[in-house]
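Residue numbers (the working numbering), protein chains in the order written: chain A, 1 to 114; chain B, 1001 to 1116.
No lab work stands behind these hints, which were simulated from the structure alone. A hint or two may mislead.
Stated by the list, open to error - Beyond 12 Å from chain A on every Cβ pair, some chain B residues (computed): (1) Q1006; (2) I1012; (3) K1014; (4) G1016; (5) D1027; (6) S1043; (7) M1045; (8) L1046; (9) T1057; (10) E1059; (11) K1066; (12) T1082; (13) D1088; (14) S1109; (15) V1115.
As the list claims (entries may be wrong) - Interface residues of chain A toward chain B, partial, derived using beta-carbon atoms under 7 Å: (16) Q34; (17) K42; (18) G43; (19) L44; (20) S46; (21) L49; (22) Y100; (23) F104; (24) K106.
Idealized CB from N, CA, C, for every residue including glycine.
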Amino acid sequence: KQEVTQIPAALSVPEGENLVLNCSFTDSAIYNLQWFRQDPGKGLTSLLLIQSSQREQTSGRLNASLDKSSGRSTLYIAASQPGDSATYLCAVRGSGGSNYKLTFGKGTLLTVNP
Amino acid sequence: GAVVSQHPSWVICKSGTSVKIECRSLDFQATTMFWYRQFPKQSLMLMATSNEGSKATYEQGVEKDKFLINHASLTLSTLTVTSAHPEDSSFYICSAQGTGNTYGYTFGSGTRLTVV
């Protein structure tokens, strides 16, 4: 059974700082990995999608890496802004028979202080 | 980009009544839709998977007679919480996948259900 762990559970940083969020998964047989952002009381916004054959993806100030063999992914946020404050969720999609299912981590609550 | 619309965004109902939540894919056809439940400060838990034109597949521990899912078209799935009780109060989120396997999942904005 796939398990996804996100560290840290919460992070508070001053504006302008670069930061890294970590995601680890127990079963390396994944189809892809997706990072989401969730604002309080809202749905999920997809940030980056990394296919199992890829090593990283970039979008603006965000960079996500994937090391499938070690079961790890990181989300790097450059020059953080107060508007980046949200919960960041990592989810993996399995490559087996139930390959459509996403397994989520519990998320990292990020607070960027002005 | 792919957009999923979910309605209502919040609803309050009395115990014993039923509530229907709609999930629509606005600019793509969703062959598969998913319904999640999220408790405060917890992650998303998959409740069921629905494929257009066929019965939904429920996760272990989810009562299919209580959480009725209908996916009658490629753009609409509905979740009906029947005979709602206060313990059903939660945040429900749907997601959809387009017809290409390389795509990620797009999520709706969620529905906050409060049963009083």
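**Study point:** Status of the A/Y100 interface restraint (C-beta, 7 Å, chain B)
**Key:** holds (6 Å)
**Study point:** Given as non-interface: B/I1012, which should sit over 12 Å from chain A by C-beta
**Key:** holds (15 Å)
Practice item. Hold the hint about A/K42 up to the distance rule: shortest CB distance to chain B must be less than 7 Å. Key: Holds, about 6 Å.
Review point. In terms of Cβ atoms, is chain A entirely out of 12 Å range of B/D1027?
Key: holds (15 Å)
Exercise for review: Check the non-interface label on B/V1115: least C-beta distance to chain A beyond 12 Å or not.
Suggested key: The assertion about B/V1115 holds, with a minimum of 17 Å to chain A.
Check your understanding: Does A/K106 meet its interface restraint, that is, does its C-beta lie within less than 7 Å of any C-beta in chain B?
Key -> holds (5 Å)
Review point. Should the hint that A/L44 touches chain B count as held when the rule is a Cβ pair under 7 Å?
Key: holds (4 Å)
Review point. Going by Cβ atoms, does B/S1109 stay more than 12 Å from chain A at every point?
Key: It is violated; B/S1109 is separated from chain A by about 4 Å at its closest Cβ, not greater than 12 Å.
Check your understanding: Checking the smallest CB distance to chain A, is B/E1059 really beyond 12 Å?
Key -> violated (9 Å)
Point to revise | Reported absence of B/T1082 from the contact zone with chain A (all CB gaps over 12 Å) | key: Consistent with the label, B/T1082 stays out of reach of chain A, its closest Cβ about 23 Å off (over 12 Å).
Check your understanding: Is the hint on A/S46 kept, meaning its closest Cβ partner in chain B is under 7 Å away?
Key -> With a minimum Cβ separation of about 5 Å from chain B (threshold 7 Å), the hint on A/S46 holds.
Review point. Per the CB criterion, is A/F104 less than 7 Å away from chain B?
Key: holds (4 Å)
Checked against the numbered hints listed earlier, the structure breaks hints 1, 6, 7, 8, 9, 10, 14; every other hint is satisfied.
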